[in-house]
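The listed protein sequences correspond, in order, to chains R and D. Terminal number for the first sequence in our numbering: 619, no gaps in between. Terminal number for the second sequence in our numbering: 201, no gaps in between.
Do not rely on the hints blindly, as some may be mistaken.
[What the hints assert, rightly or not] Listed next, the in silico DSS-like pairs over lysine-lysine satisfying Cα-Cα at most 27 Å (straight line): (1) R:Lys-601 <-> D:Lys-150; (2) D:Lys-122 <-> R:Lys-405; (3) R:Lys-421 <-> R:Lys-86; (4) D:Lys-199 <-> D:Lys-122; (5) R:Lys-604 <-> D:Lys-150.
[What the hints assert, rightly or not] With beta-carbon atoms standing in for the labels, derived distance ranges: (6) R:Lys-248 <-> D:Asn-79: 55 to 63 Å; (7) R:Pro-56 <-> D:Asp-181: 30 to 38 Å; (8) D:Thr-65 <-> R:Asp-327: 53 to 61 Å; (9) D:Thr-65 <-> R:Gly-110: 28 to 36 Å; (10) R:Asn-507 <-> D:Pro-192: 40 to 48 Å; (11) R:Asp-127 <-> D:Asp-181: 52 to 60 Å; (12) D:Glu-68 <-> R:Asp-602: 37 to 45 Å; (13) R:Val-606 <-> D:Gln-121: 39 to 47 Å; (14) R:Asp-127 <-> D:Ser-77: 52 to 60 Å; (15) D:Pro-192 <-> R:Lys-266: 44 to 52 Å; (16) R:Lys-248 <-> D:Asp-181: 39 to 47 Å; (17) R:Asp-602 <-> D:Pro-192: 56 to 64 Å.
Since the hints were made in silico from the structure, they are not lab data. For each residue, glycine too, the CB sits at the ideal point set by N, CA and C.
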Amino acid sequence: MRATERGSRFSLGLVMLASLALLAGAAAQPAADTAIRPPPAAAPPDDGQWTMPAKNYASTRYSDLAEISESNVKNLQVAFTFSTGVNKGQEAAPLVVGNTMYIVTPFPNIVYALDLSKPSAPMKWKYEPNPEPAAQGVACCDVVNRGAAFADGRIFFNTLDGHTIALDAGSGKPIWNTQIGNINIGETITMAPLVVKGKVLVGNSGGEMGVRGWVKALDAADGHVVWTAYSTGPDKDVLIGPDFKPHYDTDKGKDLGVTTWPPEAWKIGGGNMWGWISYDPDLNLFFHGTGNPGPWNPDLRPGDNKWTAGIFARDPDTGAAKWFYQWTPHDLHDYDGINEQVLLDMNWQGQPRKVLVRPERNGYVYVLDRTTGEVLSAQPFGPVNSSKGVDLKTGRLVVNPDKKTGTGKVVRDICPTAAGLKDWQPSAFSPRTGLLYIPHNNLCMDEEGVEVNYIAGTPYVGMNVRMIPGPGGNRGAFTAWDVATAKPVWNLKENFPVWSGAVVTAGDVVFYGTMEGWFKAVSARTGEMLWKFKTSSGIIGQPITYRGPDGRQYVAILSGVGGWAGAIVSGDLDPRDATAALGFANAMKDLKDVTTPGGTLYVFRLP
Amino acid sequence: MKRGLVVLLSATLALAACQREERDTRPQSALGSGEQPAPVTTLEPGGERPSVSDNKAAAFEANAFHLSEGKRLFNWFNCTGCHANGGGGMGPALMDQKWIYGSSIESIHATIRDGRPNGMPTFRDKVPDDQIWELAAFVRSLGGNAPSSAAPSRNDDMMVHPSENRLPDAATLGKSP
């Protein structure tokens, strides 16, 4: 009965689900090459390594390796395992460079190098940065780390207490260590850096602590900060200059990062950059999102709150902004705009376009022209009722006034939740199928704005949240999205949010993990379940695949539940309080019954 | 000689008059209890340590006014941001039976005042001492460790768990042993 009652409130959502179900039954398309591919400069031919979490600058998470295929994946076996020794959420992607695998753990951010040339991959070295334990108290949603990056013989990674560190990849010896974050104002770093043209790009976390967001470029050679681009404040701080040519009028004007806020509010306004960066070498532009404005309670920050919950294109040499687009102006529901951007070249309505595809937290798959920031398409990939679409003329999200939150007002059944239809968990794109494989959530929430005081270094949220399962009752889904037609092709329901990333291969196999601990392989064409393996803890990590020193194809994943979705287990929260973990625990009450904390690397190959 | 004595006497009187005007309007409030023997562990080599108590503990622990003030301050000082309404988030849950640094009101007071090494900040210079005691008393009520006659009985906001005076003792969850 309850489901029916709730269902009636989701006309939009139900239509969406119905169309998903319909399409799921449609015939699978052949695995022929599509005309959609990443720009070659951003996705060079596969060398069998995995040197950055997103695989390449285009962020496709696609591998040309095809030894493991739809027909033989059912024979996958464990090749070796490795305990990280840390029982917190393992969100990182392992890296493979030459004969060595590198993994970085959640706090205390230990880096391990494993020797793949020897049986069972023994440890080559480990590096312990010893971050300040107090940093754990200002990390919003578990003490995760989303991975390291390799370039020029060095491993670059960030620590929770705000350091960026360069290690010699061969010896594990530190080369430089630069402190760029301050935990006493609530600043942490959880993202994986990206190395572009000798610069290490890093952004901060802290959108729930009133931290002003930034992205910095550190010199890969010596670690000094070359430039800093803030997400709020005057143009000179945001690195907006004469080159800045946004597509939409609402983004044009002087110092919008100040004038779209109440006085001084931009100084504690969030817009943190804790997610993904892509880079187009041809345009010499990198693309990064900006997080939610702070506090969550929107009554405290009337205005569009530039430049939060949007995306910048910047020049990596100077940091200068080229264009900006705001996914969610004056965000009402914590819709951070930091998800991955997949760079693709495709025909759009008969014209070849350089696009950027982004499954966004607010529930839409956006296709943007990455040279201008123009929105070509924005279609929902799951139940959305917080907005009614995107006006393609103005580029503006059409907010549903019924779901507007405010102080002292309880608004029920808002979909998607603060965690978004999709959070940080990165999708993968296969040029063979033209499909984007999106791991995501299916949750709704009740929200009530409350008063909040800004105390530096403490949370600045001002919202009571409790989450509930979305329409259908499955809390997660894995959706294959046809980029050409902007429609879902198939959709797999999962009991818990799919908080892991995805990887897709030339063998037409897609891998992802579930929060119960299943590591799954499904057909990239049909979504048919081909193989699954139960790991020791829930999976929220990023799968990768690589060619080992023996020439064989391997698949690797870190198992270890946590993150915002799994904080109820990794942080041992009490779900009797509906607002635990900013409301997420309420939707995850039974997770403690199916999994326990862990931290183990699993690597698979065919026998 | 006699005159000298008079001068000395009047000087002493003047000094005493100054002291007479001094008033302790907020005793210890802002500065906090001086010595607070609140051990973090129950393990003491060799012997059993007698249980310690701060003279403020009893005054705050079972007092309805202080508990209700504590509930208000729990929001105002952003405790909810990390500990939610007792279920936890960035910080640990406070409504369960697990206490990393001790469950007594003295221990909780010490935790808020001095902080703890794995993420709990020190509020020594942010929150007056009496308000720390009120917060500590309220935190105990989240675990069902306050008399139901004194614990808060309603929420001004969205109900997120039973009111504090109906929360069961976390150790037993209301079940008889």
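Mind checking the hinted window 30 to 38 Å against the Cβ distance between Pro-56 (chain R) and Asp-181 (chain D)?
-> For Pro-56 (chain R) and Asp-181 (chain D) the Cβ distance comes to about 54 Å; the hint is violated.
State, for the Cβ atoms of Pro-192 (chain D) and Lys-266 (chain R), whether the hinted interval 44 to 52 Å holds or is violated.
-> 58 Å, violated
Assess, step by step, whether the Cα of Lys-601 (chain R) is no farther than 27 Å from the Cα of Lys-150 (chain D), and give holds or violated.
-> Violated, because 35 Å separates the two Cα atoms, which is more than 27 Å.
Supplied distance hint 56 to 64 Å, evaluated on CB atoms of Asp-602 (chain R) and Pro-192 (chain D) | 20 Å, violated
Distance restraint hint 37 to 45 Å, applied to the beta-carbon atoms of Glu-68 (chain D) and Asp-602 (chain R) | 41 Å, holds
Does 39 to 47 Å hold as the CB distance between Lys-248 (chain R) and Asp-181 (chain D), or does it fail?
-> Since Lys-248 (chain R) and Asp-181 (chain D) have Cβ atoms about 41 Å apart, the given range 39 to 47 Å holds.
Starting from the hint 39 to 47 Å, judge whether the C-beta atoms of Val-606 (chain R) and Gln-121 (chain D) obey it.
-> 22 Å, violated
Has the given pair, Lys-604 (chain R) with Lys-150 (chain D), been kept, meaning a C-alpha gap of at most 27 Å?
-> Distance of about 36 Å is beyond 27 Å: violated.
Does Lys-199 (chain D) pair with Lys-122 (chain D) here, judged by a C-alpha cut-off of 27 Å?
-> Answer holds: Lys-199 (chain D) to Lys-122 (chain D) is near 17 Å, not above 27 Å.
Between Asp-127 (chain R) and Ser-77 (chain D), does the C-beta distance stay in 52 to 60 Å?
-> 58 Å, holds
Would the pair Lys-122 (chain D) and Lys-405 (chain R) pass a check requiring their Cα atoms to be no farther apart than 27 Å?
-> 55 Å, violated
Asn-507 (chain R) versus Pro-192 (chain D) beta-carbon gap, inside 40 to 48 Å or not = Given a distance of about 29 Å, which is not inside 40 to 48 Å, the answer is violated.
Checked against the numbered hints listed earlier, the structure breaks hints 1, 2, 3, 5, 7, 9, 10, 13, 15, 17; every other hint is satisfied.
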